[in-house]
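S.K.: So you can see what is in the structure, the chains are spelled out below.
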Amino acid sequence: AQSVTQPDIHITVSEGASLELRCNYSYGATPYLFWYVQSPGQGLQLLLKYFSGDTLVQGIKGFEAEFKRSQSSFNLRKPSVHWSDAAEYFCAVGDPRGGKLIFGQGTELSVKP
Amino acid sequence: DTGVSQNPRHKITKRGQNVTFRCDPISEHNRLYWYRQTLGQGPEFLTYFQNEAQLEKSRLLSDRFSAERPKGSFSTLEIQRTEQGDSAMYLCAMPGTRNTGELFFGEGSRLTVL
Chain A
1 AQSVTQPDIH ITVSEGASLE LRCNYSYGAT PYLFWYVQSP GQGLQLLLKY
51 FSGDTLVQGI KGFEAEFKRS QSSFNLRKPS VHWSDAAEYF CAVGDPRGGK
101 LIFGQGTELS VKP
Chain B
1001 DTGVSQNPRH KITKRGQNVT FRCDPISEHN RLYWYRQTLG QGPEFLTYFQ
1051 NEAQLEKSRL LSDRFSAERP KGSFSTLEIQ RTEQGDSAMY LCAMPGTRNT
1101 GELFFGEGSR LTVL
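Quick note, the sequences are listed as chains A and B, same order. The first sequence maps to residues 1 to 113 in my numbering. The second sequence maps to residues 1001 to 1114 in my numbering.
A couple of the hints might just be wrong.
[To be verified] Output of the computed footprint for chain A on chain B, the stretches with three or more beta carbons under 8 Å from beta carbons of chain A:
| # | segment |
| --- | --- |
| 1 | 1041-1054 |
| 2 | 1106-1112 |
[What the hints assert, rightly or not] Looking from chain A toward chain B, a few residues come up when the C-beta cut is under 7 Å (computed):
| # | residue |
| --- | --- |
| 3 | 27 |
| 4 | 29 |
| 5 | 32 |
| 6 | 34 |
| 7 | 44 |
| 8 | 46 |
| 9 | 49 |
| 10 | 51 |
| 11 | 82 |
| 12 | 106 |
[What the hints assert, rightly or not] Quick list of the computed label-pair ranges, beta carbon to beta carbon:
| # | chain 1 | residue 1 | chain 2 | residue 2 | range |
| --- | --- | --- | --- | --- | --- |
| 13 | A | 14 | B | 1070 | 18 to 28 Å |
| 14 | A | 18 | B | 1070 | 48 to 58 Å |
| 15 | B | 1003 | A | 40 | 14 to 24 Å |
| 16 | B | 1020 | A | 22 | 37 to 47 Å |
| 17 | B | 1020 | A | 42 | 16 to 26 Å |
| 18 | A | 14 | B | 1018 | 42 to 52 Å |
| 19 | B | 1020 | A | 82 | 36 to 46 Å |
| 20 | A | 22 | B | 1028 | 29 to 39 Å |
| 21 | B | 1013 | A | 52 | 39 to 49 Å |
Honestly, the hints are just simulated from the structure, not real lab data. We put the beta carbon where it would ideally sit given N, CA and C, even for glycine.
Please put together the full structure from these sequences, using the hints given.
M.R.: Structure, rendered in structure tokens:
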């Protein structure tokens, strides 16, 4: 069965520092992989996705993620965090044949001035 | 991108009452999904439709829950005899136009059961 693990429930970084949020997945083949962001009181917004090709994918707001098949990981990175990046981040896995997405429990990001 | 509109945005009800949420896609797609999100958790899959057909239901969807998509466009999610544990955000989602697997979510309907 598909599953997603986000090991860090809460991370705090200083503004301007780099960020890496971890995501590990369980899936029998190569899945589609996604990162979503949810700000307080807001809906889920798609940051980026991997579905084929280059394993380093670029997203909106300066985020990137790298698919590592050998580690079953899809970690999200940003070189310099802004205060407005404070939000909840969700990793998700999907079946390339279509159907539902399975989400991790999320990582809450706080940004210190 | 594909968007959805959800109504009502907030619903407060007493335990035992029935509630219905509606999802209206802004653009057409043959698939439509319902998720539930509780505080501090990621969205949990409930069910999805391809056109009018309900193709998959999660074990989270007890007998008190029913979803329909009568004309293959809008969808409703009804909860009968609500319980306090039903308090959550109910999210509707649709695929993007590029068939690369992503879902685009509405802003959700928040249910509070007193």
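S.K.: Now, for every hint given, state plainly whether the structure supports it.
M.R.: Here is how each hint holds up against the structure:
1. 1041-1054: n = 6 at 8 Å, threshold three: holds.
2. 1106-1112: As far as the segment 1106-1112 of chain B goes, the hint holds, because 3 residues have Cβ atoms under 8 Å from chain A.
3. 27: violated (12 Å)
4. 29: Since chain B brings no Cβ nearer than about 13 Å to residue 29 of chain A, farther than 7 Å, the hint is violated.
5. 32: holds (4 Å)
6. 34: holds (6 Å)
7. 44: holds (4 Å)
8. 46: It holds, given that the least Cβ distance between residue 46 of chain A and chain B is near 5 Å, below 7 Å.
9. 49: Where the cut-off is 7 Å and the nearest Cβ of chain B is about 5 Å from residue 49 of chain A, the hint holds.
10. 51: Hint on residue 51 of chain A: holds, closest Cβ of chain B at ~5 Å, below 7 Å.
11. 82: Because about 23 Å separates residue 82 of chain A from the closest Cβ in chain B, which is outside the 7 Å limit, the hint is violated.
12. 106: Holds - the Cβ of residue 106 of chain A comes within 7 Å of chain B, reaching about 5 Å at its closest.
13. A:14 <-> B:1070: 18 to 28 Å: At 52 Å between Cβs, range violated.
14. A:18 <-> B:1070: 48 to 58 Å: holds (50 Å)
15. B:1003 <-> A:40: 14 to 24 Å: Taking Cβ atoms as reference, residue 1003 of chain B and residue 40 of chain A lie about 20 Å apart, which means the hint holds.
16. B:1020 <-> A:22: 37 to 47 Å: For residue 1020 of chain B and residue 22 of chain A the Cβ distance comes to about 39 Å; the hint holds.
17. B:1020 <-> A:42: 16 to 26 Å: For residue 1020 of chain B and residue 42 of chain A the Cβ distance comes to about 24 Å; the hint holds.
18. A:14 <-> B:1018: 42 to 52 Å: holds (49 Å)
19. B:1020 <-> A:82: 36 to 46 Å: For residue 82 of chain A against residue 1020 of chain B, whose Cβ atoms are near 40 Å apart, the range 36 to 46 Å holds.
20. A:22 <-> B:1028: 29 to 39 Å: At 37 Å between Cβs, range holds.
21. B:1013 <-> A:52: 39 to 49 Å: For residue 1013 of chain B and residue 52 of chain A the Cβ distance comes to about 45 Å; the hint holds.
Checked against the numbered hints listed earlier, the structure breaks hints 3, 4, 11, 13; every other hint is satisfied.
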